[in-house]
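Visitor: Next come the chains, spelled out residue by residue.
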Amino acid sequence: MLNTIGIWIAALLTLAIYSFLYKDNFFYKIAENIFVGVSAGYWAVVLWFDYTWPNLFEPLVRRHDYLSLVPIIVGLMMFTPLIPKASWLIRIPLTFTMGVSMALVVTQRVQGDIFPQLQATFLPIAGQSFLTIVTNLLIIIGVVVTLVYFYFSKEHKGILGLAAKLGVWFMMIAFGASFGYTVMARVSLLIGRVYFLLHNWLGVLR
Amino acid sequence: MKLIERLAHIDRRILFLLVALAVIIPLLVPMGLPVDITKPVQDIYNMVESLPERSIVVVSADYDPGTEAELYPATEAFLEHCFRRNLRVYMIGLWPGGTTLANIALNEIAQKYNKVYGLDYINAGYKPGGQVMLLSLGRNVADVVRTDHAGVPIDSFPLGRAVKAARDMSLIMTLSAGDPGVLHWITYFRARYGTPIACATTAIMAPQQYPYISSGQLIGILGGLKGAAEYETLVKRKGRAVAGMDSQSIVHILLVIFIAVGNVVLIYQKRKK
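These protein sequences, in sequence, are chains A and B. The numbering used here applies: residue -7 is where the first sequence begins, and numbers increase by one. The numbering used here applies: residue 510 is where the second sequence begins, and numbers increase by one.
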């Protein structure tokens, strides 16, 4: 019974949202407002039950882990701009967050992204099948000319200009592929909703 | 008025209607267009096939209802393959809604193969913290996973006790809709612990993952609904991804026609001026 009610609510809200394609209307606005309200409520619950309670208060209250007081105090400092005399205290949590984030991002991006990606461009262009050589050359040339496009210390003239122009072509092809995939994604979402309406709601698909 | 001028002023709602029909009709009257298997999908399938029985596969449900249409079919097809191969599934999620959604598929398919919760599969639930959580997870699972999704202590289950660190995980499959997701698994988890990573992503994200396949950081990718349809074909599962492929193809053809006609009209109008 609950499942059926859920399906009906989902189906009617889906139709209400799609009704916007005809023109803006009352049902669309109702559905939009419900979505905003439910999202806000949902995130409030997630932030408390998945972040704050298990990571901060639960260790303190249930396990008497008094070290948890440190992040609680530092976290509360984020609100100090509300008290002008103590507003300077916000620097402590901000610098801590910046420092940790930077350390994490820099080390892992270098180790997990930049170096392996750089390594992946060191490709053999001899002793391979014709198709592999062509593919590898495309990757190597693509990387070099795209990087040349982003080299701004010298005017893009002559060979540099030619390489930069070629870089633009490589990027355009990449953007085209991305756009194609984006269209595919949007169509997939529509298929998902239509499938739900025909299968789960109307039951005309088996 | 000439046809070309009529097309220039066509009501956009007619285009919406045509797209809707192009989706609905093939769903009601399937044409069974072939689904070709691409190498990145075949590579994931081969990897799962190569794992010894009872290996532990971590399935990370990093999506929410907004991308359910693309990633839920991939979740179903991948879980079906894992259970058929008698692998153990350890589910976790970097997005709050992911493990709740994927739990439906997990229980449904586990029941089909008579799998026991806690022994053959487990759902550790949503774990916040992104990259920091992933680094801790690989070092010592107990630091970040204390209970399963229902709040039961994780070490009360045999599978919960079996997964202590990254070394116990044979493969990670991230079903990723954004950030945190596949990029975090690659740059933080794989870079630090070397565990093989495979992914299913939304179609929008798919092109960004191909460099990671070239570099060997990713085993393969199920890109959008098409990738899920390919996997369904490989595991011989009649799912909704394959069912949606006819509509996908017809809409793509329709959009190509729209673009072509739109350009013809534009050129005509420019010449007329």
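By construction, these hints were calculated from the structure, which means they are not laboratory data. Hints are supplied without guarantee of correctness; some may be wrong.
Output of the computed footprint for chain B on chain A, the stretches with three or more beta carbons under 8 Å from beta carbons of chain B [unchecked claim]: (1) 98 to 105; (2) 151 to 157; (3) 173 to 182; (4) 185 to 198.
Every residue gets a Cβ at the ideal spot worked out from N, C-alpha and C, and that includes glycine.
Visitor: Compare the structure with the hints numbered earlier in the document and write down the numbers of the violated ones, lowest to highest.
Guide: When the structure is compared with the hints, only number 2 turns out to be violated.
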